[in-house]
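Visitor: Sequences and hints are given; from them, build the entire structure.
There are 2 protein chains.
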Amino acid sequence: MTSDSRRVVIVGASAAGMRCASRLARLRPDWTVTVVERRRVFSYAACGLPYVLSGDVDDADALRRTSDGALRDAAFFASVKGVTVLTGRSATEVDGGARSLTLARPEGELEHLGWDDLVLATGASPRRLPAQPRHPRVRSFHVVEDLEPLHAGLRRGEITRVVIVGAGLVGCELSEAFRALWGVEVTLLEAASGPLPGVADAEIGAVIAATLRRNGVRLRTGAAVEAIAAFDDRVEVAAGGERCTADLAIVAVGVTPEVALAHSAGVALGITGAIAVDDRLATNVPHIWAAGDCIEVRRLPDGRPLHLPLGSLANRQGRVLADVLAGRDDRFPGAVGAVAAKVFDLNVAATGLTRTRAEAEGIAARSVWVTAHDRAHYWPEAAEIAIHLVYEAGSRRVLGVQAVGAGEVAKRVDVATAYIARGATVTELAGLEHAYAPPFAPAIDPLAAAAFAAENQEDGLEARPPDEPFTGARVLDVRHPGERTKHPLPEATAMPLEELRAALPLPGRDRWLAVCERGARSAEAARLVRSSGGSASYLGGGMQLRAMMGLESER
Amino acid sequence: MTSDSRRVVIVGASAAGMRCASRLARLRPDWTVTVVERRRVFSYAACGLPYVLSGDVDDADALRRTSDGALRDAAFFASVKGVTVLTGRSATEVDGGARSLTLARPEGELEHLGWDDLVLATGASPRRLPAQPRHPRVRSFHVVEDLEPLHAGLRRGEITRVVIVGAGLVGCELSEAFRALWGVEVTLLEAASGPLPGVADAEIGAVIAATLRRNGVRLRTGAAVEAIAAFDDRVEVAAGGERCTADLAIVAVGVTPEVALAHSAGVALGITGAIAVDDRLATNVPHIWAAGDCIEVRRLPDGRPLHLPLGSLANRQGRVLADVLAGRDDRFPGAVGAVAAKVFDLNVAATGLTRTRAEAEGIAARSVWVTAHDRAHYWPEAAEIAIHLVYEAGSRRVLGVQAVGAGEVAKRVDVATAYIARGATVTELAGLEHAYAPPFAPAIDPLAAAAFAAENQEDGLEARPPDEPFTGARVLDVRHPGERTKHPLPEATAMPLEELRAALPLPGRDRWLAVCERGARSAEAARLVRSSGGSASYLGGGMQLRAMMGLESER
Chain Z
333 MTSDSRRVVI VGASAAGMRC ASRLARLRPD WTVTVVERRR VFSYAACGLP YVLSGDVDDA
393 DALRRTSDGA LRDAAFFASV KGVTVLTGRS ATEVDGGARS LTLARPEGEL EHLGWDDLVL
453 ATGASPRRLP AQPRHPRVRS FHVVEDLEPL HAGLRRGEIT RVVIVGAGLV GCELSEAFRA
513 LWGVEVTLLE AASGPLPGVA DAEIGAVIAA TLRRNGVRLR TGAAVEAIAA FDDRVEVAAG
573 GERCTADLAI VAVGVTPEVA LAHSAGVALG ITGAIAVDDR LATNVPHIWA AGDCIEVRRL
633 PDGRPLHLPL GSLANRQGRV LADVLAGRDD RFPGAVGAVA AKVFDLNVAA TGLTRTRAEA
693 EGIAARSVWV TAHDRAHYWP EAAEIAIHLV YEAGSRRVLG VQAVGAGEVA KRVDVATAYI
753 ARGATVTELA GLEHAYAPPF APAIDPLAAA AFAAENQEDG LEARPPDEPF TGARVLDVRH
813 PGERTKHPLP EATAMPLEEL RAALPLPGRD RWLAVCERGA RSAEAARLVR SSGGSASYLG
873 GGMQLRAMMG LESER
Chain L
333 MTSDSRRVVI VGASAAGMRC ASRLARLRPD WTVTVVERRR VFSYAACGLP YVLSGDVDDA
393 DALRRTSDGA LRDAAFFASV KGVTVLTGRS ATEVDGGARS LTLARPEGEL EHLGWDDLVL
453 ATGASPRRLP AQPRHPRVRS FHVVEDLEPL HAGLRRGEIT RVVIVGAGLV GCELSEAFRA
513 LWGVEVTLLE AASGPLPGVA DAEIGAVIAA TLRRNGVRLR TGAAVEAIAA FDDRVEVAAG
573 GERCTADLAI VAVGVTPEVA LAHSAGVALG ITGAIAVDDR LATNVPHIWA AGDCIEVRRL
633 PDGRPLHLPL GSLANRQGRV LADVLAGRDD RFPGAVGAVA AKVFDLNVAA TGLTRTRAEA
693 EGIAARSVWV TAHDRAHYWP EAAEIAIHLV YEAGSRRVLG VQAVGAGEVA KRVDVATAYI
753 ARGATVTELA GLEHAYAPPF APAIDPLAAA AFAAENQEDG LEARPPDEPF TGARVLDVRH
813 PGERTKHPLP EATAMPLEEL RAALPLPGRD RWLAVCERGA RSAEAARLVR SSGGSASYLG
873 GGMQLRAMMG LESER
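Residue numbers (our numbering), protein chains in the order written: chain Z, 333 to 887; chain L, 333 to 887.
Simulated from the structure, these hints should not be mistaken for lab results.
Note that the Cβ used here is the ideal one computed from N, Cα and C, for glycine as well.
Wrong hints could be hidden among the right ones.
[Stated by the list, open to error] According to the in silico footprint, chain L covers these stretches of chain Z (three or more CB under 8 angstroms from chain L): (1) 558-564; (2) 700-713; (3) 830-841.
[Unchecked claim] Partial list, computed: chain L residues near chain Z (C-beta under 10 angstroms): (4) 407; (5) 563; (6) 671; (7) 746; (8) 749; (9) 753; (10) 766; (11) 774; (12) 780; (13) 829; (14) 850.
[As the list claims (entries may be wrong)] Computed Cβ-Cβ distance ranges for the label pairs, DEER-style: (15) Z/727 - L/398: 28 to 38 angstroms; (16) Z/419 - L/725: 34 to 44 angstroms; (17) L/422 - Z/677: 45 to 55 angstroms.
Guide: Okay, here's the thing in structure tokens:
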């Protein structure tokens, strides 16, 4: 440890800023680490906010506490971490030459804080729609201060109808919060063709949409907002040719990086509009660094610039930056973009590129999807999950994985993320090793099963293309009679897989779409039909089947 | 697809054999694929057998069914998979020159089966102790036929006391089965110093041992069996200076590969005594191949030969071998050795090397362990897990990970396995990206937290060495008063972390061992004590603390 004391000033006391400050104060106890924060309440888990509204978490205070129950306030950081936090100050200007930061107090008086190194951890703020009026009935949901007006209105019964604009992660989580705990009438508007665009392709989006609708959410897709009009007693949102009246509109259409301070310092932005940094999180201005939701990161493995405002990444960046400032060789190489969300009883997780996104970037993407049990199928708590695997044709490089279901999906997406980050192929993913025991996983993990399906598809056994109309082929239902009774397919030709081999070749020249409950038998059936000279593809399982046929709501 | 039809004969109808047969019949529908099996019941999930005994799974038949409910019998494989299974035949001899396999029926008559390619999937059988008598009261637990005598004896009340020899995966699972459903008095004998030797080091073993004891299992470690004497009315097992009397002894001390047939064919064995194969699963004899529990595999990443009889690997090998036989370029590169088990309410998973094993191999291994929540700590269903991370000093290469707890551990071990397989360092593991949402994971995944602790240890902040006596240092208890009341440490100096900084330097020249509930505060405390000139290490959390102090049973 050197003794040359330095002054490090960090702007923004969220995940990136506080993680960087705390670690730096540990690594360099002789340095002065000061964090400037414009709000009074800081260092809370913002990702937990929807769960306070939903009642899953009792109290917003829980989000500010450590796992040991200590409140992360300024006194805590001073006594435990050795970090000074100056709250209620807005950082308004950087003088890079004089290495000074101008702070404005709410009353308007200015302070100047000298620094040797400056860290911009200014975060992001909710994106506003062009049509968005500034009115108490038109809100965003981003910070802890956004909770109280909602809670108050809900408790007083003044909020019984809500329009949520944007079916992204926050929009879906809020839909559940409003419905499940408060019984509010929720209309969820999404400009794209399905929920969680950018996270889920149509195959998985259909399952999420079915879950939202089954739980009473009025989901409207392809519904871009045309106008929002706020009145004393209501708000009206026009979207997709429909006009919704509600007590409240919440606009949840993503965030934009907070870059005003960076701009004042001459810090360059990247093509996404977020602060450009290298893998040591240095900006173009010497001794000015940046981390968290305000920066642009490199997408792994291809290095494309991306704005990826995720709390988990902000934490990692804060740690890396502390190491770098302390003189260590640490790097933030980028991120694949793994995300997760709970949508009612459906677990959702995804990583990497959707097929839609890959195609938009000119990548020759293909995909498969499978339905499988998350544990040994005979284990009492086994639950079905569906995995959608996106890969590049030819190279077979894994591009992305999406998973949904009542079972464990987030950690399977983590495994996929480790493969995608290093540019692995579906063949490598097919060889993944997993800790197998019936209470935790089947002998063949669903992720490997999806990779097998992708390999089979490259061998010519095509999964049904998702943009093919469901009526484009004759449906060959290879399920057992009991399964058919539970979820009937009236138009289908019923023939259990066990009987198919003896019945081949099937008469006629139809193109067949084989379906079953999990995609394994239907794949087998399609292969049998093809090997007997027929034409067939298959559907990846009952979850998609029911979602795509709109049968899910009957469950 | 070529039209030159080949005859492939596979000996053994378990995971490797049937997976190979089914896929090969798919890839090469014009070939003849025949499986020879000496038992009548085959192709069941043997890993599920303990859960039939425990009542978690209603019926052993469930283990033979597909997830769609079809029974995997010979008729199923014939009609659905196009595979012929000849049951009730023992393969007794291979004539490599004539390419013929001799089969013996139970009545003694011999058959000869010609082959172009022969696959040995002969599996493994329970290892016997030198002292082990052949007697109905001394049993193994390996195949479905082992269930009925136990069920019958338990139902009739003839089995009320059981001695299980070997606290490996099967021994621990059986302990739970006998205790939880049947209330049998279980004595579990283990020659090593803790349960699951080879899977868990002392830190994790202590937690597993505490769980077994809390659930009423009489665990005796360091208790090598000296003698087993079986009588008409009882069995007596002498071990570790103690003599246990019981109605039944179950010997669960691992398995040995079945290699007699391989021997008759001139197939070479590896140093582990299992069949030696290359990464295409070819033996030294042309056109004789092997897969499953009878083969030796390469350990990843270092290539050391290993006998790793796991159902998940057998499945993968069967698939790879089908590809190879069909003329494809597929490989089985080896395995890290990921395993999982449920021990009462404790989830256990591990991968790679234990520190004990690494040291025995001459590797300079170090380790750290942390206790953390498996989800955001404020999420209502968050559960504590402990992770023990073993790595090589200097290179910082990750050698192994062990994890236990009520929360999700198996999939975290899967993520670790992906890193270990490619020789990643703790620094790379510290940079792991995970799908973060409060219901699924904390913002910093426990696996990353363990990697952070390892990096900190390499920076000089040592976790307590596990072989250091607990009384070797003064205990500095930095927990809050409420935590101390719940789990008191009578001998400790109590000082909440918040107060420590102001109290430094601590008086005296003692070496301090800082303890807390999750290892984060104690690490911080140790660092503070050291930075003030004192000497301190820390303990990785309350789960180990209580287990090592034997307090777990008081919960």
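Visitor: For each hint, tell me whether it holds in the structure or not.
Guide: Taking the hints in turn, this is what the structure says about them:
1. Given as covered by chain L, the stretch 558-564 of chain Z fails the check, having 0 residues with a CB less than 8 angstroms from a CB of that chain where 3 are the minimum.
2. For a cut-off of 8 angstroms, the count of residues in the stretch 700-713 of chain Z with a CB near a CB of chain L stands at 7, and the three-residue condition holds.
3. Residues of the stretch 830-841 of chain Z with a Cβ under 8 angstroms from some Cβ of chain L number 4, which satisfies the need for three, so the listed coverage holds.
4. About 8 angstroms separates the beta-carbon of residue 407 of chain L from the nearest beta-carbon of chain Z, less than 10 angstroms, and the hint is met.
5. Of the supplied interface hints, the one on residue 563 of chain L is violated, with its beta-carbon coming no nearer than about 36 angstroms to a beta-carbon of chain Z, more than 10 angstroms.
6. Residue-level restraint check for residue 671 of chain L holds (minimum Cβ-Cβ distance to chain Z is 6 angstroms; threshold 10 angstroms).
7. The beta carbon of residue 746 of chain L is positioned within 10 angstroms of a beta carbon in chain Z (closest approach about 5 angstroms), and the interface hint is therefore held.
8. The beta carbon of residue 749 of chain L is positioned within 10 angstroms of a beta carbon in chain Z (closest approach about 5 angstroms), and the interface hint is therefore held.
9. Residue-level restraint check for residue 753 of chain L holds (minimum Cβ-Cβ distance to chain Z is 7 angstroms; threshold 10 angstroms).
10. Among the interface hints, the one on residue 766 of chain L holds; its C-beta lies about 5 angstroms from the nearest C-beta in chain Z, closer than the 10 angstroms criterion.
11. Taking 10 angstroms as the C-beta cut-off, the interface hint given for residue 774 of chain L holds, the closest approach to chain Z being about 8 angstroms.
12. Because the smallest distance between the Cβ of residue 780 of chain L and any Cβ of chain Z comes to about 8 angstroms, under 10 angstroms, the interface hint for this residue holds.
13. Interface hint at residue 829 of chain L: satisfied, since its Cβ lies 6 angstroms from the closest Cβ of chain Z, which is below the 10 angstroms cut-off.
14. For residue 850 of chain L, the interface hint holds, the least distance from its beta-carbon to any beta-carbon of chain Z being 6 angstroms, beneath 10 angstroms.
15. Range check, residue 727 of chain Z to residue 398 of chain L: about 33 angstroms between beta-carbon atoms, so the 28 to 38 angstroms window is met.
16. At roughly 43 angstroms, the beta-carbon separation of residue 419 of chain Z and residue 725 of chain L lies within the given 34 to 44 angstroms, and the hint holds.
17. One distance hint, 45 to 55 angstroms for the beta-carbon pair residue 422 of chain L and residue 677 of chain Z, holds here, with the actual separation near 50 angstroms.
In this structure, the earlier hints numbered 1, 5 are contradicted, and the remaining ones agree with it.
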